[in-house]
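Enquirer: Protein chains in written order, with my numbering: chain A, 1 to 247; chain B, 1 to 247; chain C, 1 to 247; chain D, 1 to 247; chain E, 1 to 247; chain F, 1 to 247.
One or more of the hints may lead you astray.
One copy or two, either will do: identical chains are not told apart, so a pair holds if it fits within one copy or between any two.
In silico DSS-like pairs for lysine-lysine, Cα to Cα no more than 27 Å straight-line [stated by the list, open to error]:
{"hint": "1", "residue 1": "Lys140", "residue 2": "Lys185"}
{"hint": "2", "residue 1": "Lys54", "residue 2": "Lys154"}
{"hint": "3", "residue 1": "Lys185", "residue 2": "Lys54"}
{"hint": "4", "residue 1": "Lys227", "residue 2": "Lys154"}
{"hint": "5", "residue 1": "Lys185", "residue 2": "Lys16"}
{"hint": "6", "residue 1": "Lys222", "residue 2": "Lys16"}
{"hint": "7", "residue 1": "Lys222", "residue 2": "Lys140"}
Treat the hints as calculated values from the structure; they're not laboratory data.
Chain by chain, the residues run as shown.
Protein chains: 6
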Amino acid sequence: MQLQLSTWHEVQDYLKTSTGVVIPIGSTEQHGPNGLVGTDALTAEIIGRALGEKIGCLVAPTISVGMAVHHMDFTGSMTYRPSTLIAVIFDYVQSLARHGFTRIMFVNGHGGNIATTNAAFYEIYNHRQSDPGKGNQPVKCLLANWWEGPETRKLCADLYPTGHGSHATPSEVAVTWAAYPDRVKYMEMEPEIAPTGRFTDAADYRRRFPDGRIGSNPNLAKIEDGKRLIEASVADLTTTYREFLAA
Amino acid sequence: MQLQLSTWHEVQDYLKTSTGVVIPIGSTEQHGPNGLVGTDALTAEIIGRALGEKIGCLVAPTISVGMAVHHMDFTGSMTYRPSTLIAVIFDYVQSLARHGFTRIMFVNGHGGNIATTNAAFYEIYNHRQSDPGKGNQPVKCLLANWWEGPETRKLCADLYPTGHGSHATPSEVAVTWAAYPDRVKYMEMEPEIAPTGRFTDAADYRRRFPDGRIGSNPNLAKIEDGKRLIEASVADLTTTYREFLAA
Amino acid sequence: MQLQLSTWHEVQDYLKTSTGVVIPIGSTEQHGPNGLVGTDALTAEIIGRALGEKIGCLVAPTISVGMAVHHMDFTGSMTYRPSTLIAVIFDYVQSLARHGFTRIMFVNGHGGNIATTNAAFYEIYNHRQSDPGKGNQPVKCLLANWWEGPETRKLCADLYPTGHGSHATPSEVAVTWAAYPDRVKYMEMEPEIAPTGRFTDAADYRRRFPDGRIGSNPNLAKIEDGKRLIEASVADLTTTYREFLAA
Amino acid sequence: MQLQLSTWHEVQDYLKTSTGVVIPIGSTEQHGPNGLVGTDALTAEIIGRALGEKIGCLVAPTISVGMAVHHMDFTGSMTYRPSTLIAVIFDYVQSLARHGFTRIMFVNGHGGNIATTNAAFYEIYNHRQSDPGKGNQPVKCLLANWWEGPETRKLCADLYPTGHGSHATPSEVAVTWAAYPDRVKYMEMEPEIAPTGRFTDAADYRRRFPDGRIGSNPNLAKIEDGKRLIEASVADLTTTYREFLAA
Amino acid sequence: MQLQLSTWHEVQDYLKTSTGVVIPIGSTEQHGPNGLVGTDALTAEIIGRALGEKIGCLVAPTISVGMAVHHMDFTGSMTYRPSTLIAVIFDYVQSLARHGFTRIMFVNGHGGNIATTNAAFYEIYNHRQSDPGKGNQPVKCLLANWWEGPETRKLCADLYPTGHGSHATPSEVAVTWAAYPDRVKYMEMEPEIAPTGRFTDAADYRRRFPDGRIGSNPNLAKIEDGKRLIEASVADLTTTYREFLAA
Amino acid sequence: MQLQLSTWHEVQDYLKTSTGVVIPIGSTEQHGPNGLVGTDALTAEIIGRALGEKIGCLVAPTISVGMAVHHMDFTGSMTYRPSTLIAVIFDYVQSLARHGFTRIMFVNGHGGNIATTNAAFYEIYNHRQSDPGKGNQPVKCLLANWWEGPETRKLCADLYPTGHGSHATPSEVAVTWAAYPDRVKYMEMEPEIAPTGRFTDAADYRRRFPDGRIGSNPNLAKIEDGKRLIEASVADLTTTYREFLAA
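Turn these sequences into a full structure, and let the hints steer you where they fit.
Expert: Below you can see the structure in the form of structure tokens.
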């Protein structure tokens with residue numbers, strides 16, 4: 001059930017049976033020579049909405065831009081400053097909490113969001129617990145990366161024993177191709193598997209990883225993989241979400 | 001050409017021929033008994049992307065939540081504080097300007113965004129002109145409401161001589177139905193045409209407009225209308241965008 | 001009744017009969033070759049205080065600097081960033097609301113303030129409705145441009161059928177001259193009627209409108225016009241304010 | 001020379017001979033049973049403008065609201081949060097510095113502004129020195145309290161050997177009466193001379209000083225005193241300003 | 001070499017041979033029945049300064065309060081909001097970078113700081129890379145938790161095969177006791193090993209972990225363990241720091 | 001009683017008998033050729049903790065970085081922007097007030113902190129009095145400079161009839177040497193007694209006071225003086241604190 005595609009009366013009805021909601025959060029940034037700029041937002045949205053269809057939870061609109069400061073030397077990348085992203089998440093949660101939502105799970109598609117999103121949760125908790133008056137009932141927030149559940153990790157390891165890497169990975173590319181098959185594009189890359197390593201700011205990232213990939217060979221991706229990954233991730237997230245509702 | 005569905009090399013190529021970009025901006029808020037909560041974001045996205053397909057301009061990811069403080073007493077509505085929305089728009093423009101974009105047109109679906117978006121533009125201009133150093137080349141921002149061009153206004157007047165109103169209008173409902181035909185839903189409403197008037201905060205809005213509509217009869221909407229409205233708006237916005245590029 | 005010229009006991013007494021208050025808001029910016037830098041603040045203050053004298057409403061101190069980012073390439077112009085102006089208006093309203101004022105009307109002298117002031121109102125509404133505890137009774141805010149009432153518009157049209165324009169207009173110049181007759185100054189300008197058009201930032205404004213005027217011939221202004229305009233605007237604002245109190 | 005009553009060409013001419021400017025800064029807050037709410041803004045404005053007339057320096061528009069958090073339990077008082085006042089002063093100085101002003105003297109009428117104004121100066125210095133690029137030439141800011149020069153202090157001591165106190169003082173009341181003689185009002189107060197002491201927040205202030213005065217007997221004020229005080233303060237500030245220009 | 005105990009000429013000399021600096025960052029929060037409120041700041045400071053003594057790197061003053069929103073229902077706990085901690089870290093780094101430091105390693109004593117500190121690094125990188133002018137040379141920031149190096153982890157596992165847990169751990173208690181032996185205090189606790197689990201806000205934390213510990217038995221701590229842990233951590237951090245300088 | 005060296009149960013017990021707490025606040029900045037960079041933080045900490053030992057009051061962790069914008073052209077100096085320091089102090093006070101502390105005395109070691117700290121107090125008072133709900137009981141804050149009590153001032157005058165000055169003074173140097181005797185260092189300086197005068201930003205300070213001192217001859221400092229100054233200051237602050245508790 002997508003919030004955007006519901007009427008307000010339907011949301012009112014939903015709240016009678018559940019106070020949980022899912023928010024896809026991603027990023028808009030380079031994903032190597034053949035990955036889409038929107039990969040991280042698309043994966044979060046594809047999987048978040050598939051979860052909503054499978055278990056009937058409400059899915060709020062995707063946060064499509066994330067914290068991608070380190071990608072900004074690649075054309076097309078966009079970023080929120082961490083302080084902006086904290087404000088964005090704060091307002092998302094405050095809006096939903098006002099209506100009575102108490103379990104707010106972010107399905108995340110971008111590693112770079114993790115730190116800032118967790119910081120945002122504590123900005124929210126601090127605000128609400130400092131003034132426990134009317135309307136400030138406790139809420140619980142959770143960040144769930146789509147790739148980190150046990151089934152998904154196992155499938156990734158099986159599908160890509162080498163060349164998975166950590167950015168522009170074949171798994172994330174495959175998920176987007178499953179949903180946008182007309183975007184499939186195989187390209188020669190040099191080296192076949194990108195280097196790995198740490199980075200700091202945008203200039204440092206670009207210098208170390210000139211085509212944008214880290215440790216990955218995205219040419220390993222297949223549409224069929226993407227379908228299986230979506231299924232695995234939805235299964236993992238179903239467990240995560242149900243445990244979260246019960247917590 | 002959607003930014004999210006492009007590779008970073010494709011964006012690099014695009015910039016060789018144009019420094020213009022379109023950003024759909026909407027809202028997530030009640031739209032009366034049968035309108036979708038996402039109406040304003042959906043209309044902006046539908047029309048913004050149709051514009052991109054017609055004339056080949058780049059379309060950035062939609063800003064799906066807007067300034068909807070006055071809708072917050074209806075379940076499911078979400079809002080950015082004006083200060084948050086200013087930060088969001090600031091970061092969108094700063095990100096794109098870094099890559100060389102100089103004409104940034106927001107296709108808007110929500111009247112409540114207009115004031116804050118224009119305030120944001122001047123926050124940006126002030127920032128960039130105060131420090132005209134490296135990377136702070138001038139940019140021009142423009143807000144274009146999808147409904148305000150001459151063809152679109154004429155078509156609205158023709159289609160809905162009465163009962164158009166200003167919130168949960170049949171025209172915006174029709175646009176969403178054209179894109180999401182499985183969401184068509186006709187319902188009895190009382191009164192048939194909602195009352196009109198001014199409002200201040202959320203409580204005041206709810207008291208005056210108890211089902212959320214202002215001045216409208218959304219049951220007048222038809223899928224076919226929506227298709228024509230999209231076409232008319234894209235035609236209007238094509239003119240607006242081309243004049244903007246040339247300015 | 002000016003707040004600045006009252007004692008606190010007099011304000012206490014005033015509140016027994018009315019919870020309305022008027023705040024003049026203007027700008028400090030170039031107004032062409034012979035218009036005063038303070039034109040927009042002076043017009044708002046002159047008319048706001050005249051309204052106070054006519055109908056006895058309380059008039060708070062003038063906000064003399066506004067949002068004039070686009071005027072900053074003309075010497076003497078001052079500006080608040082939109083974010084600062086939002087904070088200024090927020091604090092004005094929060095201060096007055098604490099004492100029990102519930103209808104707060106800004107008499108505005110500067111088109112550039114409109115967007116930011118309306119954004120500020122929603123920053124305030126959001127703050128107050130999010131925490132409806134002690135001291136956060138609802139307030140209503142209204143922005144009334146001194147030039148937009150029916151009598152004033154008609155008089156402008158009658159007095160200046162051509163050459164009124166939209167910046168450094170003969171009407172605003174006339175209002176300041178009525179109050180500061182020693183500042184009357186007629187000067188040759190080239191062209192007689194300034195060009196019109198749109199603008200973005202300060203450099204763009206300066207390039208398009210090199211002497212600062214937009215579409216106007218301020219030499220048409222006369223002290224006598226100013227007196228009539230003040231009277232007309234006070235009449236219009238009397239209606240606006242009374243309707244606002246009753247809303 | 002008042003900025004508000006000048007044209008932008010006149011300001012341009014002024015800058016050829018001087019880069020100094022004066023900004024009156026006051027407050028809007030209770031001043032005891034017979035003092036005006038605007039006393040601190042009025043005194044700063046009266047004396048700042050008199051200084052401008054005497055020595056020809058440019059006088060910017062008055063900052064009429066100051067940091068008066070501790071007065072907020074008295075009806076009619078207004079306050080900026082310290083953070084807002086810092087933003088206000090920041091924008092005043094940034095605006096003027098852009099045009100080439102380098103010596104910015106605030107003529108202050110309110111003790112409660114001193115800390116925050118000095119904090120603001122360092123927010124400005126930090127901003128400008130952190131990025132010493134184009135447009136960030138050094139500026140010097142100075143806060144000059146109208147009452148603290150040697151002639152003014154001596155005159156106060158002579159006029160009011162007892163009952164001067166520190167809030168709603170006869171000297172500040174006299175200065176406002178000199179400019180607004182129709183506001184002269186003598187009233188019985190109990191006790192004749194108000195108590196003295198320290199205070200923290202608004203509730204604490206109100207409890208300790210129930211009619212708003214601290215240590216003063218404002219009934220000692222006379223219009224004639226006010227005229228002499230204005231003259232003395234202008235003389236003191238002339239010295240201060242000239243030394244500041246030369247520093 | 002402690003910054004606080006150096007003269008500015010000594011710092012100037014230091015910079016001739018190294019542009020690296022270490023900043024201890026901790027927290028002030030409950031650490032169970034017998035752990036010290038300052039545990040996380042003390043461990044970071046003890047180990048950070050020991051590192052400075054061993055390898056001669058400069059050690060800046062400790063950030064003693066961290067992000068401890070979730071501890072605030074235990075008396076004595078203090079917290080920065082995430083947004084404040086971002087500002088604190090931003091100013092630390094900006095100050096040091098101004099003098100030419102380019103490798104800034106935070107030795108961290110508190111898990112709750114990790115997310116916010118990493119968010120802060122990207123706030124800094126974004127600021128500096130957006131305006132690569134004078135003074136904005138690139139800096140690299142690194143967060144190193146004192147407990148996460150291989151030697152330290154191995155020693156922890158050897159010393160405390162059970163009852164280590166994740167808050168008020170015997171290892172962190174032992175480190176503080178090694179430095180403050182007069183604070184050693186063994187107490188009966190019930191249960192001997194605290195429960196484990198996840199938590200959200202302060203109320204949730206308190207409810208799940210009523211005496212403050214998570215998964216730990218701090219009575220296992222010994223002064224001698226603390227000495228060995230300090231040594232192990234300094235050895236680990238020496239490697240980390242040297243690799244960081246070379247990166 | 002140091003907060004950092006207490007358990008949370010001990011703090012709970014403390015609150016049964018007193019709601020007062022002391023916070024040392026200093027700065028990290030050049031102190032001339034032989035003064036320590038940490039002088040202002042060290043003096044505040046040394047004296048604040050000595051006060052705690054003498055009278056048993058709780059002493060929170062030192063704020064080691066202060067407002068030192070004007071020192072930033074000397075290597076090793078660090079600064080918070082005023083806005084950051086306001087946030088830091090805000091969070092310190094809000095944290096402590098949550099547990100029931102109501103009298104919060106800052107023992108200050110740095111003149112440059114005074115304005116900003118006082119501004120912060122009013123940011124706090126405004127926040128708490130604007131929303132007097134649960135948890136927002138009134139608090140009182142006080143800034144006490146360690147050098148300003150009568151005994152301390154008299155001793156300074158006796159010890160250093162000439163050459164005390166206002167920055168890198170022999171008295172503050174002596175206090176640090178009493179605590180860190182291995183840092184004693186006498187050096188030839190030219191001139192023997194530094195010049196005096198006013199300053200604005202960092203460049204201005206450096207130009208006027210090239211070795212960092214203002215008006216002082218720090219070679220007059222002796223360890224023995226430091227011991228006496230600590231004792232005198234603790235005596236003065238004992239009186240200040242007790243009066244504050246009783247206020």
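Enquirer: A separate judgement is required for each hint: does it hold in the structure or not?
Expert: Results of checking the hints against the structure:
1. Proximity of Lys140 to Lys185 under the C-alpha cut-off of 27 Å is found in neither arrangement, the shortest distances being 41 Å within a copy and 34 Å between copies.
2. Only within a single protomer do Lys54 and Lys154 lie at most 27 Å apart by alpha-carbon distance; the minimum there is 21 Å, versus 43 Å between protomers.
3. Proximity of Lys185 and Lys54 under a CA criterion of 27 Å is satisfied inter-copy only: 23 Å between copies versus 30 Å inside one chain copy.
4. For a Cα distance limit of 27 Å, the shortest separation of Lys227 from Lys154 inside one copy, 15 Å, qualifies, whereas the shortest one across copies, 41 Å, does not.
5. Only between protomers do Lys185 and Lys16 lie at most 27 Å apart by alpha-carbon distance; the minimum there is 22 Å, versus 46 Å within a single protomer.
6. Taking the closest pair of Cα atoms, Lys222 and Lys16 never come within 27 Å of each other, the shortest separation being 41 Å inside a single copy and 31 Å across copies.
7. In this assembly of identical chains, Lys222 and Lys140 lie within 27 Å of each other by CA distance neither inside one copy nor across copies; the values are 37 Å within and 37 Å between.
In summary, the numbered hints that this structure violates are 1, 6, 7.
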